[in-house]
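Residue numbers (the working numbering), protein chains in the order written: chain B, 1441 to 1566; chain V, 3 to 703.
Treat each hint with caution, since some may be false.
Only pairs whose alpha carbons sit at most 27 Å apart, straight line, appear in this in silico DSS-like list of lysine-lysine [stated by the list, open to error]: (1) B:K1443 - B:K1488; (2) B:K1536 - B:K1515; (3) B:K1536 - B:K1520; (4) B:K1488 - B:K1520; (5) B:K1511 - B:K1464; (6) B:K1562 - V:K693; (7) B:K1443 - B:K1514; (8) B:K1443 - V:K443; (9) V:K199 - B:K1540; (10) B:K1511 - B:K1540; (11) B:K1566 - V:K421; (12) B:K1562 - B:K1540; (13) V:K223 - V:K304; (14) V:K161 - V:K491; (15) V:K530 - V:K304; (16) V:K491 - V:K421; (17) B:K1566 - B:K1511; (18) B:K1514 - B:K1536; (19) V:K638 - B:K1463; (20) V:K530 - V:K358; (21) V:K223 - B:K1562; (22) V:K638 - B:K1566; (23) B:K1566 - V:K443; (24) B:K1562 - V:K161; (25) V:K638 - V:K491; (26) B:K1488 - B:K1515; (27) V:K530 - V:K494; (28) B:K1463 - B:K1488; (29) V:K421 - B:K1464; (30) V:K88 - V:K98; (31) V:K443 - V:K304; (32) V:K304 - B:K1566; (33) V:K161 - V:K199; (34) V:K483 - V:K410; (35) B:K1566 - B:K1515; (36) B:K1520 - V:K199.
A short list of chain V residues far from chain B (calculated; beta carbon distances all over 12 Å) [unchecked claim]: (37) L26; (38) N35; (39) A45; (40) Q650.
Everything labelled a hint here was simulated from the structure, so no lab data went into it.
Glycine included, C-beta positions come from ideal geometry on N, C-alpha and C.
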Amino acid sequence: MSKVVFIVDDSRTVRASVEYTLKKEGYQVEQAVDGQDGINRLEELRQKGIRPGMIISDINMPNLDGIGFIKEIKKSLHYKFIPVLVLTTESQDEKKMEGKQAGAAGWLVKPFSPEQLIGVVKKFVK
Amino acid sequence: MDDELFELFLEETRENLQVMEEGLLDLEGNTDNIDLINVIFRAMHTIKGGAGLVGMQRINDVTHRLENLLDGVRNQEVSLTDDVFKVLFDGTDIIKKMLDENDFTGVQFSEAIDTLFKQLDYFDQNHTTGTDSTVINNDNKTVNNAENEKSKSEIRTFKITLRFQPTIFESGTDPLMILREIQEVGRIVESYCNSSKLPLLEELVTHQFYLEWTVFVETDKNQDAIDEIFIFVADDNEIFVDDVTEERALSVEYTLSEQKQIGELLVDEGKVFKQEVNKIVNKQEEAKNQEHSSTIRVEASKLEGILNHLAELLISHSRVKELVLSNMNLFNDRSGEQHNNTINREINTAFEEVDKIIRIVQEKVMNTSMIPIGGTFTRYQRMIRDLARDINKEVKIHIEGKETELDKQVIEQIADPLKHLIRNALDHGIETPDEREAMDKPREGTITLRAFHQEGNIVIQISDDGKGIDEQAIFAKAVEKQIVRADDKLSKQDMYLLLFNPGFSTAKQVTDISGRGVGLDVVMTNIKNLRGTVEIDSEIGKGTTITIKLPLTLAIIDGMMVRVGQERFIIPLNMISEFIKASPEQVHQAEGNGAFIHLRGENLPYVGLYDLLDLDADCHAPTEGILVVLQHNGRKLALMVDDILGQQQVVIKSLKENMQQQIDGIAGVTILGNGMVAIILDVPTIYKMVKQPKSLRSSAG
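So that you can see chain V by itself, here it is in the shape it has in the complex (with noise of 0.2 Å):
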């Protein structure tokens, strides 16, 4: 190509000298004729420009002189003499004469450069426009360089204003454009959005342009090169650069030694606005949540003893308010009497308020054992660092939701399957750099980790954009240990699942990270000891996302209180989505004696809880109980009840201590008002046992 732009540049310079020189020769008869001068001063013009595209430097050097001149006649300033005819001829004769000798370095024609320099020379004192800016300009080239290598390493912060006018979209600059510019110079520290002036919706100019932005940027690079991003906006707007590296560590010092508050002294000195100061004041005070706060140091046993003795206070206390409330009816049915009713109201609103109280108290009690999962965090960061370098991996942590609060028995509990699990993104998921730049992506990878809280669960996601999980090659192994079928029909997600099956592994050599011969069912067991659930979003080639959900709590929950025939069970509260009763037309015979609720445009698998427990029930058919429509990581079933008797918060008592092994279909048992025992379903597992042939299912139970 740059042979064809020469090739087109010398094409089209003898076109425009040959302009020049009819040009010249039509001026010589009518010296006053503008329209003439302005040709032939846009034709020597071009010839300059493509000079200096295609990089030749004296054309470009003569063409700029005889421009200059040029320029001299047309704002009036030379007059047309012979002389200047002259010049002008001798300088069109001598561009088209390197043309035609192909010297376009000039060497054969120095001297006739020279001499017409010289003569250039003497026009050029005559008027003012013959500075040759080009060599100037080098030389701020140069000083600029020898600056930029000087402050290179050091780091500088830089303050910067920017107030744009409000018509700036009509230059066709887009702000946007400039916030993104400052962020490819450096690390961008702070930034604030004063949107004061953003006026109501109704008085919106959408073309118009209102907010005005503070961005504190470091940067290795020096004031000129920040400057250089405003080239264009800094005459008609107000852009403040201010170079703040000392003033910054001065003022954190100083207000340090004055224990001043240092957005006050900030704001008193102007140079932030109010709500700046509060939105770090509100960092902070996030940040400092998240330590450990340790003003009183008790004893974890303490605590628990407290938990454990709010829980015996909660069942007593619906015992007490249940034998009261019988006694109270039993005493009105005998009188009927009027007056009793407002002792029962009474003694109604005494119940509320104790309840009330004791829910308090429970959360309250429940908060100070709650603390930030932030520091689990931080201590893996440091663990993948590490053995990110040992196994020659480049690995970035992104960390989310470090503020998010657990139980601390939780995090304890969680702590070691959560390692398991990064060890393994880090190890399977995440690829070597090599493989990575390969496939078009950043050489470093990237482990995100996540918590917040979501419908009364605490969610924990490990996030990997690593190499994903192939769920077909995970079902290939699983029939090759024969965990599964080659026929089972499995959803993608239970393919992944079979990850957390005993003894399976499909890395294919063991290293030192996760090859140690605890498996994932290890993981699987702890979250599920934790009545928690996992699942696995994967996507080859782009990532995977594990997410762990977990119950806030480990002792106490809400729950709805159901009947099957004599039995009482608590299904826990935030697994219910609605109760419905069916009528028949909504009962549709599937495949075998299975059935389904048509619910709304959904088809909802049905079973009756007598059936999956093997149960004495009053309701054998979905019309005749009530349906409890459950909801759990998306998926809805409708387990049929004999009757629902109410919402109770539930203290839950682990069947572990007194049996063997975990049951499937059963989280626990719990101890009513009236001293029977309920037991509490495991939503989880009661999807799995659906699922399951009949045959299947009691033999595991």
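Chain B on its own, in the form it takes in the complex (with noise of 0.2 Å):
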């Protein structure tokens, strides 16, 4: 299993605060800005062989949003077994709904603690 964990959000913050909590768990952290960079990121990561076991998304971003982006990748057999683990502010049961709708595995809330996020990302890539 791999464990790469791909995190899109237009925050600087949140991905830095997303990959050093996950490095030092031991996984390997691959960054997008936006939807559309991730799609190409991940293109470009296939390229060289790595597959990420899960992707963490923020949901409102711009360019392509983040429900836009897990529908998008969902298309791709490539991708499609991922599973998406969107972010989203407080409990915002909407959201959740739509991501899942879209196909997201699960949501985290913000803000969360690294221990939140490490338990949630174990959930899933082990």
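The two chains are supplied separately, each in an independent frame; assemble them into the complex guided by the hints.
Have a look at this one:
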């Protein structure tokens, strides 16, 4: 199982904190700044033979938002079976549901503690 | 890193504040521009998320409120009036100032923030998204914590039913992960997989999921903690978590009083599947078999008597058979009449029938003296626990093959040697908890007791995950004690077996457990008396496994009768892998007088039985006689005999009663049908004899 986690978020702070937290746990973290960049970066990784064990994606992003990003990657057999976790603020149930309908496996409410992040990632990537 | 992350947040937030400011200014002149609203909203949203991550609650609060307002604007619930713009600009300014002044808790700006919030309250009343869910969340958490505290020490049983959608994999969720998580939350008491929905292989879609699971888990956590596992899958899949603590207790009592089959009851109530019940019933049967099934108590001596007489019956039977057949042949030779063939055939069939019946009776009688080894293992379990406590070691005992049956006599005779070996594993194998921790091993060591049947043998294994055996240290010690010479070439296995040499002990200090002066050589003697063998497998730092192989019964074996000169020998059938007639090309001379036989890419050591036991024989060269390929502990050996006479069940008569010591190469004798005595060969010692120089051999014999 791949120990690579792919984070898509337009906030540098979020990306950096995810990378920092997960690296300590032995994960390799790859980043993208929005949905469109996410699709491009995934393709680049695929060329290099890297398949993320899971994807964490923000919902609210420029260019292509999280929901669009998930819908797009779920069309591809390469990425279809990679679990996607959406980042939502508070407990926006509609966002959760929107994410789930697009094909997300789960969600994480911002702000999250390192423990929460690790706990959720471990649900999918061990 | 926290500082770094913090700096990153400040930098990013300043950029986003600028984005907001510019966006708001543009928006003032272009209030319908939804893209602009989105840009502003995102910037605010990013600040909020970052503030939460770096723990700046005040900024998080302010941005949260502003975001709510913007959300209202976005959803066209709030129109962009000048008041709205003022509030948005004010909010942006406040955050900016907090950053500029490095006042992240907003002490200096509490008045401004209060004013801002009051203004925001006004807008919140006009649309619905204003509820501050953060606060509610926090409250929930407090309640949950309190509940956790309350029910912590209480062990509850949950029945978890998992019916996933066939398409579960498409969401990236792996049901196995969820099962593992259940495992982590408590102890799984029982689990069943219902595979009835699994289609035929040809109809199977590899990325679909067909299995249903029922898991009973015992845990000190509350239901919320269990539900938490399924947080992402509960909505789309059929997941049921039921607290069945009371029911389980009740249903057992209830069924006991009603004397009903619990399984039927559960099926009736639709609580379990029929196949689950069958599985449990089988398990129970297994458990029952382990118990001393003492319906009738028979003195052991009586059973032994029956077995002995049965042995005599076997001998007499083969004697009668041989006499009748030879008499018949004599008669045939004289008359040569055709009709005798019919009688011959009938006599043969009758003998076969008797053979079969005797075998069945023998098996039944032998079975009566077979008992499961479980009881003995359980006693050791207790012993290990107590001893481990005495010497401050932490050990867990794992038992496999409890239900394996052994002759009662064998169990009695193997009990002491086993005890010795287990004590050794505990004393010399398992390290102290601190040592183990230093080596990245769990503090608690594991000793595994295992019993199973293999190729007509009973195998008993004692494994530990301790420090392992350093065979070189043993060899050095053996050299020091003059048991072997320094230039002797020994295999790893042989070095290990030096441990069983009389008076050998590498323990640095004598402890109460395994240093009582009784050496492992006694263990070896006991096992040998049972016609058993010992094998050691060890890896330094990983642990040791001692494998004891014992014959199924003591008295009767299946053997192959062979001839050398005028002597007849029995070789236990389970030691023979094949017979070959060697061609000259297969024979290769080794150094000295030795030879080996090339057989399908393998080189087998060769020895003539006549040479080994100093007999007069018809055949002397490897190509003349028949080669019996022996197999023992994975090693093969070609043993030459003059002829093969046939398969026979023989009753072993120990030589020990009549002789002072066990003789190498000979396991015992048996009386043949014609009243002659045949020697039963002891294959393991034959291997040893082959390795010894001939001079040494005769002195040992």
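Evaluated hints:
| no. | hint | verdict |
| --- | --- | --- |
| 1 | B:K1443 - B:K1488 | holds, 15 Å |
| 2 | B:K1536 - B:K1515 | holds, 20 Å |
| 3 | B:K1536 - B:K1520 | holds, 19 Å |
| 4 | B:K1488 - B:K1520 | holds, 18 Å |
| 5 | B:K1511 - B:K1464 | violated, 31 Å |
| 6 | B:K1562 - V:K693 | violated, 57 Å |
| 7 | B:K1443 - B:K1514 | holds, 20 Å |
| 8 | B:K1443 - V:K443 | holds, 24 Å |
| 9 | V:K199 - B:K1540 | holds, 26 Å |
| 10 | B:K1511 - B:K1540 | holds, 10 Å |
| 11 | B:K1566 - V:K421 | violated, 41 Å |
| 12 | B:K1562 - B:K1540 | holds, 19 Å |
| 13 | V:K223 - V:K304 | violated, 56 Å |
| 14 | V:K161 - V:K491 | violated, 61 Å |
| 15 | V:K530 - V:K304 | holds, 26 Å |
| 16 | V:K491 - V:K421 | violated, 32 Å |
| 17 | B:K1566 - B:K1511 | holds, 25 Å |
| 18 | B:K1514 - B:K1536 | holds, 17 Å |
| 19 | V:K638 - B:K1463 | violated, 54 Å |
| 20 | V:K530 - V:K358 | violated, 31 Å |
| 21 | V:K223 - B:K1562 | holds, 19 Å |
| 22 | V:K638 - B:K1566 | violated, 45 Å |
| 23 | B:K1566 - V:K443 | holds, 20 Å |
| 24 | B:K1562 - V:K161 | holds, 24 Å |
| 25 | V:K638 - V:K491 | holds, 19 Å |
| 26 | B:K1488 - B:K1515 | holds, 21 Å |
| 27 | V:K530 - V:K494 | holds, 21 Å |
| 28 | B:K1463 - B:K1488 | holds, 20 Å |
| 29 | V:K421 - B:K1464 | violated, 47 Å |
| 30 | V:K88 - V:K98 | holds, 15 Å |
| 31 | V:K443 - V:K304 | violated, 51 Å |
| 32 | V:K304 - B:K1566 | violated, 61 Å |
| 33 | V:K161 - V:K199 | holds, 21 Å |
| 34 | V:K483 - V:K410 | violated, 38 Å |
| 35 | B:K1566 - B:K1515 | holds, 25 Å |
| 36 | B:K1520 - V:K199 | holds, 24 Å |
| 37 | L26 | holds, 17 Å |
| 38 | N35 | holds, 15 Å |
| 39 | A45 | violated, 9 Å |
| 40 | Q650 | holds, 58 Å |
Checked against the numbered hints given earlier, the structure breaks hints 5, 6, 11, 13, 14, 16, 19, 20, 22, 29, 31, 32, 34, 39 and satisfies all the rest.
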